[in-house]
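Fit chain B to the supplied structure of chain A, relying on the hints for placement.
Read top to bottom, the protein sequences are chains A and B. Counted the way our numbering counts, the first sequence spans residues 312 to 421. Counted the way our numbering counts, the second sequence spans residues 147 to 403.
I should point out that these hints are in silico values taken from the structure, not numbers from a laboratory. What you were told as hints is all true, and nothing was included just to trick you.
Distance condition first, Cα-Cα at most 20 Å in a straight line; then the derived SDA-like pairs of lysine to any residue:
(1) LYS289/B <-> SER331/B
(2) LYS366/A <-> LEU170/B
(3) LYS366/A <-> SER179/B
To give an idea of the chain A side of the interface with chain B (calculated C-beta under 10 Å), a few residues:
(4) PRO314
(5) ILE316
(6) ALA319
(7) GLY325
(8) LEU326
(9) GLN329
(10) VAL332
(11) VAL355
(12) SER393
The beta carbon of each residue, even a glycine, is placed where N, CA and C say it ideally should be.
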Amino acid sequence: MIPAIGLAIGIVVGLLLQPAVPVWLQPYLPIAVIAALDAVFGAVRAILDGIFSDKVFVVSFLSNVVVAAFIVFLGDKLGVGSQLSTGVVVVLGVRIFSNVASIRRHLFDA
Amino acid sequence: MTDPDRPVRAPQPPEDARHAWARLRRAGAPSMSRSNILVMVLAIALGFAIIAQVRQTSVQGLETLREDELVRLFADVDQDGDRLSSEIRDLQTSLQLLDSRSTGEEEAQRAAKERVDALGILAGTAPAVGQGITLRIDDPEGKVPSTVLLDAVQELRDAGAEAIQVGDVRVVADTWFADGGDGISVSGVEVRPPYVLRVIGDSNTLAGAMQIPGGVTATVRRVGGEATVDIRTRVVVDALLSVSTPQYARPVPTTTP
Numbered sequence: 312m313i314p315a316i317g318l319a320i321g322i323v324v325g326l327l328l329q330p331a332v333p334v335w336l337q338p339y340l341p342i343a344v345i346a347a348l349d350a351v352f353g354a355v356r357a358i359l360d361g362i363f364s365d366k367v368f369v370v371s372f373l374s375n376v377v378v379a380a381f382i383v384f385l386g387d388k389l390g391v392g393s394q395l396s397t398g399v400v401v402v403l404g405v406r407i408f409s410n411v412a413s414i415r416r417h418l419f420d421a
Numbered sequence: 147m148t149d150p151d152r153p154v155r156a157p158q159p160p161e162d163a164r165h166a167w168a169r170l171r172r173a174g175a176p177s178m179s180r181s182n183i184l185v186m187v188l189a190i191a192l193g194f195a196i197i198a199q200v201r202q203t204s205v206q207g208l209e210t211l212r213e214d215e216l217v218r219l220f221a222d223v224d225q226d227g228d229r230l231s232s233e234i235r236d237l238q239t240s241l242q243l244l245d246s247r248s249t250g251e252e253e254a255q256r257a258a259k260e261r262v263d264a265l266g267i268l269a270g271t272a273p274a275v276g277q278g279i280t281l282r283i284d285d286p287e288g289k290v291p292s293t294v295l296l297d298a299v300q301e302l303r304d305a306g307a308e309a310i311q312v313g314d315v316r317v318v319a320d321t322w323f324a325d326g327g328d329g330i331s332v333s334g335v336e337v338r339p340p341y342v343l344r345v346i347g348d349s350n351t352l353a354g355a356m357q358i359p360g361g362v363t364a365t366v367r368r369v370g371g372e373a374t375v376d377i378r379t380r381v382v383v384d385a386l387l388s389v390s391t392p393q394y395a396r397p398v399p400t401t402t403p
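Chain A with its partners taken away, still in its complex shape (with noise of 0.2 Å):
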């Protein structure tokens, strides 16, 4: 529940602040939201399976994002940038799916 109101509170708040993404910002931010994203399912997976701890999903949360824009800024220094920001993402992405899965199975049953 304080997971899913933070997160309305930071929509509500962007949508009034409208805040412009610093330039030196600008390409870390995508990766470190699906980054995000991904821990936030892996919570609630960890929830499902009984084994949640606030302070490892605090510390994968950071390490998560951080992690992920330490990868696409290296990338951009090797010159790989596009490369490496897609391999992220796609990485991410199926990490997601199958969190998603998880919890659909421990809810539905399914």
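Okay, now just chain B, sitting in the frame of chain A:
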């Protein structure tokens, strides 16, 4: 980027779904622990970031693109420009072509129309108007023969007549005159005196041709008639002939128009 809270795909015995929902509810129950607040902060940050990114994506301009993307974009634009300018050249060429062709067609059409008009007057299928004379031959005694009319027509042609009408009959290349009962048969049409010829051409020349000594006027007078010439600035020759298709004569085919 391993997710420490998740062993990937740990095979779980399928739980009772009600159990899972209850667990989800329990986990969602608000409790103000320190880590819960931290989670909330993260969630707020995530929502904020999502919105920021969505907005950014919708207004994204060139400045956020990477160098290689810009180069590719530039090459694309370059290529597009080349393609479009060559298309412009092609279209302009065909426009010029069509332009010249249409003016050529107009020209040809105008020339053809002039030709049709000229031929129509010549063949007697088109009415004609212009300066000229009327020649009236009074023949109270019925003694003017057809040859006089024929001579008059010849004389008028020599004088440059462009369109001639005797009574209601147009005089053209194959017009013939013969003596008839009460008058003169012109191409089979009976024309009775007084014979009125309407002639288009240079009026003074035509009038002069009628008056020459031993000419038409003199001949008519000799047989007891009276020829009167009126010079007009506007003579209408409106008798028409329908063109009959020649039965034997065929045009010689020409290769080019």
